[in-house]
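Peer 1: What follows is each chain in one-letter form.
Number of protein chains: 2
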Amino acid sequence: MSDQLKYIKENKDRFLEELKELLRIPSISADSAYKKDVMAAAEAVGKSLKSAGADKVEICPTPGYPIVYGEKIIDPKLPTVLVYGHYDVQPADPIDLWDNDPFDPVIKKTDIHPEGAIFARGACDDKGQMFMHVKALEVMMQTNTLSCNVKFMIEGEEEVGSVNLGWYVERNKEKLASDVILISDTGMLANDVPSITTGLRGLSYVEVKVTGPNRDLHSGLYGGAVANPINILTQMIASLMDENNHITIPGFYDDVIEISKEERAEMAKAPHSDEDYKRKLKINDVHGEKGYSTPERASIRPTLDVNGIWGGYMGEGAKTVIASEAFAKISMRLVPDQHPDKITKLFKDHFESIGPKSVTVEVTPHHGGDPYVSPTDNRGYKAASAAYEDTFGKKPIPVRSGGSIPIVALFERELGVKSILMGFGLDTDAIHSPNEHYGVFNYFKGIETIPQFFKHFAEMED
Amino acid sequence: MSDQLKYIKENKDRFLEELKELLRIPSISADSAYKKDVMAAAEAVGKSLKSAGADKVEICPTPGYPIVYGEKIIDPKLPTVLVYGHYDVQPADPIDLWDNDPFDPVIKKTDIHPEGAIFARGACDDKGQMFMHVKALEVMMQTNTLSCNVKFMIEGEEEVGSVNLGWYVERNKEKLASDVILISDTGMLANDVPSITTGLRGLSYVEVKVTGPNRDLHSGLYGGAVANPINILTQMIASLMDENNHITIPGFYDDVIEISKEERAEMAKAPHSDEDYKRKLKINDVHGEKGYSTPERASIRPTLDVNGIWGGYMGEGAKTVIASEAFAKISMRLVPDQHPDKITKLFKDHFESIGPKSVTVEVTPHHGGDPYVSPTDNRGYKAASAAYEDTFGKKPIPVRSGGSIPIVALFERELGVKSILMGFGLDTDAIHSPNEHYGVFNYFKGIETIPQFFKHFAEMED
Chain A
1 MSDQLKYIKE
11 NKDRFLEELK
21 ELLRIPSISA
31 DSAYKKDVMA
41 AAEAVGKSLK
51 SAGADKVEIC
61 PTPGYPIVYG
71 EKIIDPKLPT
81 VLVYGHYDVQ
91 PADPIDLWDN
101 DPFDPVIKKT
111 DIHPEGAIFA
121 RGACDDKGQM
131 FMHVKALEVM
141 MQTNTLSCNV
151 KFMIEGEEEV
161 GSVNLGWYVE
171 RNKEKLASDV
181 ILISDTGMLA
191 NDVPSITTGL
201 RGLSYVEVKV
211 TGPNRDLHSG
221 LYGGAVANPI
231 NILTQMIASL
241 MDENNHITIP
251 GFYDDVIEIS
261 KEERAEMAKA
271 PHSDEDYKRK
281 LKINDVHGEK
291 GYSTPERASI
301 RPTLDVNGIW
311 GGYMGEGAKT
321 VIASEAFAKI
331 SMRLVPDQHP
341 DKITKLFKDH
351 FESIGPKSVT
361 VEVTPHHGGD
371 PYVSPTDNRG
381 YKAASAAYED
391 TFGKKPIPVR
401 SGGSIPIVAL
411 FERELGVKSI
421 LMGFGLDTDA
431 IHSPNEHYGV
441 FNYFKGIETI
451 PQFFKHFAEM
461 ED
Chain B
1 MSDQLKYIKE
11 NKDRFLEELK
21 ELLRIPSISA
31 DSAYKKDVMA
41 AAEAVGKSLK
51 SAGADKVEIC
61 PTPGYPIVYG
71 EKIIDPKLPT
81 VLVYGHYDVQ
91 PADPIDLWDN
101 DPFDPVIKKT
111 DIHPEGAIFA
121 RGACDDKGQM
131 FMHVKALEVM
141 MQTNTLSCNV
151 KFMIEGEEEV
161 GSVNLGWYVE
171 RNKEKLASDV
181 ILISDTGMLA
191 NDVPSITTGL
201 RGLSYVEVKV
211 TGPNRDLHSG
221 LYGGAVANPI
231 NILTQMIASL
241 MDENNHITIP
251 GFYDDVIEIS
261 KEERAEMAKA
271 PHSDEDYKRK
281 LKINDVHGEK
291 GYSTPERASI
301 RPTLDVNGIW
311 GGYMGEGAKT
321 VIASEAFAKI
331 SMRLVPDQHP
341 DKITKLFKDH
351 FESIGPKSVT
361 VEVTPHHGGD
371 PYVSPTDNRG
381 YKAASAAYED
391 TFGKKPIPVR
401 SGGSIPIVAL
411 FERELGVKSI
421 LMGFGLDTDA
431 IHSPNEHYGV
441 FNYFKGIETI
451 PQFFKHFAEM
461 ED
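Line order of the protein sequences matches chains A and B. UniProt numbering applies: residue 1 is where the first sequence begins, and numbers increase by one. UniProt numbering applies: residue 1 is where the second sequence begins, and numbers increase by one.
Keep in mind that a hint or two might mislead.
[Unchecked claim] Calculated lysine to any residue pairs in the SDA-like style (CA-CA distance at most 25 Å, straight line): (1) Lys319/A to Asp93/B; (2) Lys209/B to Lys342/A; (3) Lys278/A to Lys357/B; (4) Lys290/B to Asn245/A; (5) Lys345/A to Met314/B; (6) Lys35/A to Gly317/B; (7) Lys209/B to Lys345/A; (8) Lys357/A to Pro295/B; (9) Lys278/A to Thr211/B; (10) Lys319/A to Leu346/B; (11) Lys319/A to Val361/B; (12) Lys282/A to Thr364/B; (13) Lys357/A to Asp274/B; (14) Lys282/A to Gly64/B; (15) Lys209/B to Leu281/A; (16) Lys357/A to Leu410/B; (17) Lys209/A to Asp93/B; (18) Lys278/B to Thr211/A; (19) Lys282/A to Gly355/B; (20) Lys209/B to Asp96/A; (21) Lys348/A to Ile283/B; (22) Lys209/B to Met314/A; (23) Lys342/A to Val361/B; (24) Lys290/B to Lys342/A; (25) Lys357/A to His272/B; (26) Lys209/A to Lys357/B; (27) Lys342/B to Glu316/A; (28) Lys357/B to Val286/A; (29) Lys348/B to Thr211/A; (30) Lys319/A to Asn435/B; (31) Lys319/A to Leu281/B; (32) Lys209/A to Asp242/B; (33) Lys319/A to Lys357/B; (34) Lys280/A to Ser358/B; (35) Lys282/B to Thr211/A; (36) Lys319/A to Val160/B; (37) Lys290/B to Val361/A; (38) Lys290/A to Ser358/B; (39) Lys282/B to Asn245/A.
Calculated directly from the structure, the hints in this document are not laboratory data.
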């Protein structure tokens with residue numbers, strides 16, 4: 001057994017305990033009520049980096065939540081790996097659907113995780129995966145096997161669109177200079193089917209408001225004679241897709257790069273069963289754009305989803321009211337070469353134009369992100385692939401993911417460096433959902449694999 | 001000047017004082033903290049009926065608040081008028097929006113009420129209007145002009161849905177036997193534009209739930225490949241109306257009685273301006289079923305309004321989630337001869353049938369109410385019309401109201417008697433709102449008009 005594995009084995013319980021400690025901090029960046037907790041999470045990450053052996057650890061202020069920086073430069077001539085992750089988490093609601101307090105981590109066995117999984121908000125996204133890199137640094141430091149320089153950039157606003165990361169990166173290009181960026185904020189196909197994410201969808205996220213009468217009205221006295229903002233909102237949203245679930249916003253598909261038959265055939269090799277998919281989600285049928293498979297719909301095609309809707313009376317019983325206002329949050333996942341700002345503008349112009357004269361419509365952009373595709377023939381990918389082979393005993397499959405990590409495109413643009421998306425989560429880990437969890441196996445497999453990446457990256461040529 | 005007018009003039013101050021006394025009792029039926037006051041109001045009404053000259057006055061117990069009964073039978077061969085009203089009132093909150101204590105009546109002049117209006121909770125709805133009938137009885141008794149037998153049925157639960165009125169009526173059909181029911185619990189167009197409400201809309205109210213995946217999902221990883229319950233709900237609701245705002249539920253209009261050109265022409269005489277309507281509601285355009293005017297859309301046509309909708313993330317900021325469930329509360333206003341139970345079933349069958357296989361749809365009925373229309377060619381209406389002509393100097397306009405008063409249909413069903421809605425309130429009286437008031441002019445005009453109704457009803461043939 002290698003020194004690294006021995007060290008991991010000896011410190012297993014502590015590595016778990018330290019992660020649980022971090023998970024106890026409700027660092028919800030979307031809700032200002034948790035400001036103190038988000039700051040506390042930043043401090044905790046800084047401390048853990050120091051004790052892992054990082055130098056120059058700073059909590060770098062930004063116009064929003066701070067970015068935690070730390071580095072270990074062993075030899076300027078050696079290649080440098082920049083690790084990115086985030087310490088903020090999604091809101092936990094609906095709280096009542098959790099089996100345990102989302103901020104009091106519990107380890108439980110599941111069918112997919114016979115060795116147990118850590119149940120807590122952020123367990124997988126992204127505290128658990130980010131913390132693997134901190135522990136991997138400790139392992140390499142303690143076993144004198146650190147083979148590259150390493151820098152850490154851990155932010156606290158990923159779940160709200162990394163609104164200040166660009167601001168920080170632009171101002172710290174030299175400090176962040178590196179040869180490759182390593183990110184664990186995605187997933188793999190299964191614990192026995194390792195994979196590396198080579199593509200990500202972009203994002204355009206807007207909030208819409210439809211206003212009718214200047215006050216709530218009695219639906220008996222006014223019903224039928226005034227535009228009901230909720231009825232109108234449902235009609236406007238419904239009109240955004242046709243019967244083939246094709247998005248009807250003019251120009252929406254203009255920049256979409258059609259994937260070649262060959263690439264689609266390659267993708268189709270990844271194991272997938274609509275039956276399993278339906279069973280796991282307890283749905284009677286899949287649903288999506290005509291002419292594409294489920295994995296394609298969730299990765300290489302753009303989407304439009306209502307993430308939230310509200311208006312009128314939502315309480316017990318019946319209230320015969322016509323609301324003055326109705327609201328929705330709508331997000332669109334984008335694929336190369338769609339541009340979020342362009343899509344947001346197309347949406348805003350179109351949506352504001354389809355409202356009838358009897359209401360006023362407002363569209364407020366939230367945040368966006370560029371789609372991204374990384375080649376599989378560069379040094380970073382090859383080093384990652386070799387690392388998985390060492391620890392999983394098989395070559396990882398390159399996969400295009402439906403999610404968005406807008407920063408990946410930002411890094412390439414600002415720092416000129418490719419990112420490797422070394423994610424160890426599973427689809428079933430319920431990130432952004434109640435009972436989010438992260439496999440104990442996955443946590444330690446990550447801590448084990450990351451040092452192998454450093455080793456191979458140091459050995460390989462560009 | 002008639003004896004009646006002379007008597008009213010001589011007792012004007014006392015008539016006002018007695019109403020104010022009744023208004024000082026906070027008989028809020030919705031709030032059990034006021035139980036003693038509601039009972040006290042019942043007692044006060046009983047006392048006032050006795051002193052007006054009624055016999056057999058009883059405070060009749062029900063499973064809820066009592067019903068005050070009283071009668072004056074002068075000759076079994078004469079027709080009998082049954083007066084309905086209620087002594088309970090709406091809660092007064094938000095209290096801080098009142099200019100005076102809602103239960104310490106104040107008389108103030110307003111633009112619409114130059115002779116002054118009584119400001120107090122219940123001034124118009126319904127103590128003020130109900131008490132006109134008590135005083136009218138006194139007037140007729142004191143001037144020996146009572147020309148019909150009269151019965152009073154004054155309840156204390158109208159503001160909480162008349163939950164025990166049906167119970168009482170079923171058990172007292174003989175006692176309540178009458179030729180016409182007289183109710184003053186509605187309004188008229190203006191003090192110089194008398195009107196009589198001849199129709200009320202019925203109601204079908206349902207709650208719908210659309211369920212997709214068994215948990216909230218990450219909209220990046222699943223977006224585009226699973227049915228989003230909110231998107232689906234908006235499509236289902238939108239499909240319930242066509243481009244002419246015509247409701248598409250099969251069979252929905254089957255029982256709707258088309259109004260004759262003549263009656264529509266009659267209705268069109270009621271003063272209405274879309275411009276004023278738009279200005280008051282701060283809307284750029286009216287909106288509704290093609291081929292009908294604004295007053296028609298709000299009265300003689302059925303509607304479908306979403307009263308509330310909710311699902312997914314409604315908090316601050318952006319959450320990229322696909323919700324597991326989406327909900328809406330939907331109400332339909334009904335017109336003769338639509339039946340609420342039938343419409344509710346049509347809605348449920350249709351709505352549950354249009355959901356795609358990828359979701360499950362549930363429809364839960366809330367409560368319903370029958371529509372009602374009283375012909376303008378029957379004895380009761382003709383007597384009322386003649387009475388208004390005597391006291392206002394002009395024929396009243398028959399008006400169909402968009403609201404619902406389910407008890408009117410109950411009376412027709414259980415007692416087989418038509419109700420005449422002789423309301424003297426104004427739209428601007430702010431019933432159910434802060435600063436509710438009732439014009440002194442309207443109060444005495446009612447006391448003056450009611451005896452004329454008795455006179456004409458006695459003289460007319462069926």
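Peer 1: All the hints need checking, so say for each whether the structure fits it.
Peer 2: Structure-based check of each hint:
Taken as a hint, the Lys319/A and Asp93/B pair is honoured in the structure, with Cα atoms around 17 Å apart against an allowance of 25 Å. Restraint check for Lys209/B and Lys342/A: not satisfied, since their Cα atoms lie roughly 35 Å apart, outside the 25 Å limit. At most 25 Å may separate the alpha-carbon atoms for a hinted pair to count; Lys278/A and Lys357/B meet this at roughly 12 Å. For a cut-off of 25 Å, the pair hint linking Lys290/B to Asn245/A is broken: about 29 Å separates their Cα positions.
For the proposed pair Lys345/A and Met314/B, the alpha carbon gap of about 23 Å is at most 25 Å, so the pair holds. For the suggested pair Lys35/A and Gly317/B, the alpha carbons sit about 14 Å apart, so the restraint of at most 25 Å is met. Restraint check for Lys209/B and Lys345/A: the C-alpha separation of about 33 Å exceeds 25 Å, so the hint is violated. Our distance criterion of 25 Å between C-alpha atoms is met by Lys357/A and Pro295/B, whose separation comes to about 19 Å.
Note on Lys278/A and Thr211/B: the hinted pairing holds, with a Cα-Cα distance of about 14 Å set against a maximum of 25 Å. With a C-alpha separation of about 21 Å, the suggested pairing of Lys319/A with Leu346/B holds against the 25 Å cut-off. Among the hinted pairs, Lys319/A with Val361/B is consistent with the structure: their alpha-carbon atoms are about 22 Å apart, no more than 25 Å. Of the pairs offered as hints, the one joining Lys282/A and Thr364/B holds, with about 22 Å between alpha carbons and a cut-off of 25 Å not exceeded.
For the hint linking Lys357/A to Asp274/B, the alpha-carbon distance of about 14 Å falls within 25 Å, and the restraint holds. Straight-line distance between C-alpha atoms of Lys282/A and Gly64/B comes to about 46 Å, which puts the hinted pair past the 25 Å bound. Between Lys209/B and Leu281/A the CA atoms are separated by roughly 18 Å; this keeps the pair inside 25 Å, and the hint holds. Using a Cα cut-off of 25 Å, the hinted pair Lys357/A and Leu410/B is violated, with the two alpha carbons roughly 41 Å apart.
Annotation: proposed proximity of Lys209/A to Asp93/B is violated, straight-line Cα distance about 29 Å (limit 25 Å). Between the alpha carbons of Lys278/B and Thr211/A the distance comes to roughly 14 Å, so the proposed pair stays at or under 25 Å and holds. Proximity of Lys282/A to Gly355/B is assessed by CA-CA distance (about 16 Å); at most 25 Å being required, the pair is judged to hold. Between Lys209/B and Asp96/A, the direct Cα distance comes to roughly 18 Å. Compliance with the 25 Å bound is thereby established for this hinted pair.
Proximity of Lys348/A to Ile283/B is assessed by CA-CA distance (about 21 Å); at most 25 Å being required, the pair is judged to hold. With a C-alpha separation of about 12 Å, the suggested pair Lys209/B and Met314/A falls inside the 25 Å cut-off, and the hint holds. With a CA separation close to 36 Å, the supplied pair Lys342/A and Val361/B exceeds the 25 Å bound. Taking the CA atoms of Lys290/B and Lys342/A, the gap is near 37 Å; set against the 25 Å cutoff, the hint is violated.
Of the supplied pair hints, the one linking Lys357/A and His272/B holds, its CA atoms being roughly 21 Å apart against a limit of 25 Å. Simply put, Lys209/A and Lys357/B have alpha-carbon atoms about 30 Å apart, too far for the 25 Å limit, and the pair is violated. Of the pairs offered as hints, the one joining Lys342/B and Glu316/A holds, with about 24 Å between alpha carbons and a cut-off of 25 Å not exceeded. A C-alpha spacing of about 9 Å is found between Lys357/B and Val286/A, which places the hinted pair at or below 25 Å, so the restraint holds.
Restraint check for Lys348/B and Thr211/A: the C-alpha separation of about 29 Å exceeds 25 Å, so the hint is violated. For the hint pairing Lys319/A with Asn435/B, the CA-to-CA distance comes to about 22 Å; that is within 25 Å, so the pair holds. Proximity of Lys319/A to Leu281/B is assessed by CA-CA distance (about 20 Å); at most 25 Å being required, the pair is judged to hold. Restraint check: the Cα-Cα separation between Lys209/A and Asp242/B comes to about 23 Å, which is no more than 25 Å; the hinted pair holds.
Our distance criterion of 25 Å between C-alpha atoms is broken by Lys319/A and Lys357/B, whose separation comes to about 31 Å. For the given pair, Lys280/A sits about 14 Å from Ser358/B by alpha-carbon distance, which is consistent with the 25 Å threshold. As the CA atoms of Lys282/B and Thr211/A are separated by approximately 10 Å, the hinted pair is consistent with the 25 Å bound. Under the criterion of a C-alpha separation no larger than 25 Å, the hint pairing Lys319/A with Val160/B is consistent with the structure, at around 13 Å.
For the hint linking Lys290/B to Val361/A, the alpha-carbon distance of about 23 Å falls within 25 Å, and the restraint holds. For a cut-off of 25 Å, the pair hint linking Lys290/A to Ser358/B stands: about 14 Å separates their Cα positions. Pair hint Lys282/B plus Asn245/A does not hold up; C-alpha atoms about 36 Å apart against a cutoff of 25 Å.
Of the numbered hints given earlier, the model fails hints 2, 4, 7, 14, 16, 17, 23, 24, 26, 29, 33 and 39; all others are met.
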